[in-house]
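Heads up: the sequence shown at position 69 corresponds to 69 in our numbering, and the numbers run straight through without jumps.
None of these hints come from the bench; they were simulated from the model.
Bear in mind the structure is a predicted one, so any value in this text is a computation, not a measurement.
A virtual CB, placed ideally from N, CA and C, is assigned to each residue, including glycine.
Capping the alpha-carbon separation at 25 Å, the derived lysine-lysine pairs in PhoX-like fashion look like this:
hint : residue 1 : residue 2
1    : Lys63     : Lys85
2    : Lys63     : Lys74
3    : Lys85     : Lys42
4    : Lys42     : Lys63
Quick list of simulated restraints, FRET-style, between CB atoms:
hint : residue 1 : residue 2 : range
5    : Ala59     : Gly14     : 13 to 23 Å
6    : Ser83     : Arg44     : 19 to 29 Å
7    : Lys74     : Ala13     : 28 to 38 Å
8    : Ala13     : Arg102    : 33 to 43 Å
9    : Gly9      : Ala59     : 16 to 26 Å
10   : Thr98     : Gly54     : 13 to 23 Å
11   : Ser116    : Leu28     : 37 to 47 Å
12   : Gly14     : Thr99     : 30 to 40 Å
13   : Ser116    : Lys42     : 10 to 20 Å
14   : Gly14     : Leu111    : 13 to 23 Å
15   : Tyr103    : Gly14     : 35 to 45 Å
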Amino acid sequence: VQLQASGGGLVQAGGSLTLSCAASGNILSISGLGWYRQAPGKQRELVAIITSGGNTNYADSVKGRFTISRGNAKNTVTLQMNSLKPEDTAVYYCNAPTTDWRYDYWGRGTLVTVSS
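Using the sequences and the hints given, assemble the complete structure.
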């Protein structure tokens with residue numbers, strides 16, 4: 001499975017950005033699509049994920065501000081990020097866990113910078 005991410009960039013606090021990710025290859029082997037992020041000096045953390053069944057899970061820190069959704073083609077996912085804060089600054093990675101949740105596919109990271 002290959003994951004192609006797009007979006008990211010520089011935005012002022014309070015602004016919005018959209019990240020997109022498209023999966024290709026054996027997409028039947030994955031159980032969903034999501035986003036993780038890693039800020040400097042911190043561990044990579046889950047931001048949001050949507051399963052093949054449409055269930056979503058969000059980090060507490062982004063609930064109410066970020067929305068993850070699938071495109072019409074179910075191999076795509078969009079992360080709409082609103083009310084961005086400087087602490088949202090990180091490299092964001094598209095993620096796809098396998099159907100047994102034992103392995104993860106990763107896309108290249110995309111940098112999101114929120115200025116205060």
